[in-house]
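Protein chains: 2
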Amino acid sequence: MITVAKERNGVGLANDVEPGIAFGSCPLPIMNHKEIVMAHGSGGKLTQQLIQKMVLPQFKNELLNPLHDGAMFSINGAKLAFSTDSFVVNPIFFPGGDIGDLAINGTVNDLAMCGARPLYLSAAFILEEGFPMPEFWRVIQSMQRAAHTAGISLVTGDTKVVDRGKGDKIFINTSGIGIIEPGVNIHPRRAEVGDKIIINGPMAVHGIAIMSVREGLEFETEIASDTAPLNGLVQAMLAAARDIHVLRDPTRGGITSTLSEIAEQAKVGIRLEESCIPISEEVKGACEILGLDPLYVANEGKLLAFVKPREADLLLSAMRAYPLGREAAIIGEVVNEHPGYVTMKTRVGGTRVVDMLSGEQLPRIC
Amino acid sequence: MITVAKERNGVGLANDVEPGIAFGSCPLPIMNHKEIVMAHGSGGKLTQQLIQKMVLPQFKNELLNPLHDGAMFSINGAKLAFSTDSFVVNPIFFPGGDIGDLAINGTVNDLAMCGARPLYLSAAFILEEGFPMPEFWRVIQSMQRAAHTAGISLVTGDTKVVDRGKGDKIFINTSGIGIIEPGVNIHPRRAEVGDKIIINGPMAVHGIAIMSVREGLEFETEIASDTAPLNGLVQAMLAAARDIHVLRDPTRGGITSTLSEIAEQAKVGIRLEESCIPISEEVKGACEILGLDPLYVANEGKLLAFVKPREADLLLSAMRAYPLGREAAIIGEVVNEHPGYVTMKTRVGGTRVVDMLSGEQLPRIC
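Chains as they are written, first to last, in my numbering: chain Z, 8 to 373; chain D, 8 to 373.
Chain copies aren't distinguished; within one or between two, either way the pair holds.
Here are the simulated lysine-lysine pairs, DSBU-like style, with alpha carbons at most 30 angstroms apart:
hint, residue 1, residue 2
1, Lys203, Lys352
2, Lys52, Lys173
3, Lys291, Lys52
What the hints contain is simulated information worked out from the structure, not anything from laboratory work.
Just chain Z, same shape as in the assembly (with noise of 0.2 angstroms):
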């Protein structure tokens, strides 16, 4: 009844594929690629593409939105936000934080970014064969800490193991709930002409961190990564200025893809000030010689957030009461002209148009 058959490759059965499993009934849509490359997980064009084209005709609901940072319902009567990230960084210590912190934060404020209260996070492990266990152990630690600060209960969890090679030491994905107080109506869509948009403080800090660990450069005075959970600030922030329209954290792709997108869905015009967005010297100077452009840098524990004018000077005060919020500043508005797109006045006084990032700047940053 049962035979040995001849040895087969067996794993994976890309090209021989078995009698009786199908394959999809929908042919697959015509792609830049025939491969993923580490550009598609950049967090710009080709992720949009990837996304848009292949993930969301599959899945389409109404709560799938692929430009906001979490999803949205009610159950009896509580609005929820429900938002997933896995976390690939590398190296994953790195000056400021470590891959733990990262993933509790970055859920936190994809939460935040609905402008929900998170409550409960998950956290799954793919561990590599070999991986050191003083350095798992230093990672959950890590984890616990940031959850602590953050005010969230790690309520689940998993873990798998993969053999060497393949996989890299450590990814984490990390899920998470929250709660959305009502009168709190924060979508990219609502962004309207008139509204100004702040920045809490100076953009590009995580990926320098990242890069000038992978690159071997040192500063005077250390870059560490800006991580930190924003759900302390966002509430501050509901509480002067209730009815924020949009709030999004720049991560991958930088502020300018964020603000892409946004243009995007809102189908309005942002127009950028160059010499309003707050930026250090030190990543200044070390995006100059990474030859980066720091409006495409990821960052950490930073938000973008539009408001209409009248309310973003009572804005702008709340944040800068607050730690993560001291260096807010107003660094553009939303306008009629040029629709779906970014531009931005120099400090030369010239307007080019910022485009999405396209292809990979720094690859595997959170």
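Place chain D on chain Z using the hints.
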């Protein structure tokens, strides 16, 4: 102000800790291994040690229960379940399924094992550079079909890409939220002396389906994975017997590891009747060839239910009326003797202890 230092290795600070990055404040617990080994992902003793010694003490809270398939909590009077799972199965395509439907069914089932009706799922992909687009498309379509079959919505997601050789084609995390109807109270601790233990069908199918591909075994009739969403069956079961005490899906580590965990947590003994445990002749034969004990082989689309003896027959009938429960059987009961342990009355009339899986029998089975 910025100096380019001498080139450093840069990738990973494992043995090269940056000043200012403090190591965790607690000493590393004493572990059997100095690094992660495959068996830490087996779902058996080493997985349990990793979780109980390293993870749980750091995240201790009343909702975090290592021996349950998800966390349960109330928001606005609604009792919710929340669960997460990462999938790293190898090969990604196998008879009866692929990593895509496995990932959807896995979290659907974890929620169902909390007695919840699954509502919303997230999906997070870690793709390896070079992963062929047609294979990704096939996985996405399989997820779509599985989501449709289970009646759930995929509402949020994430995509990361890692360099060639730092991942393995595709890893998928799914997390999910479900709602628990009033009167349902399922928990491993509720196993009580006298309870009958029911399985919904023959064991060890998924593990053997995967192994047969890996080992190049061929059978007269193909052994196809039993991956399936169990939420419909569970709803039918709860309609017949509201007060089910325990529900668990015996995936990694097989029936024995799952039952050992329940025995341990509820401080009861569990006695299995070998002759009552359904297993197909083909799976039994394959186990003999491969030298595997089917009690430790992974299942998908299978569940174990604990109920009061007076409800067992009613529940069994309800299960048998449902396609995924057609071969349901009572396989044992909860007893006073040997609290914390699983024993089995063998076919030849003896009794033996069946312990939790130690070591790694089938790596990367889900």
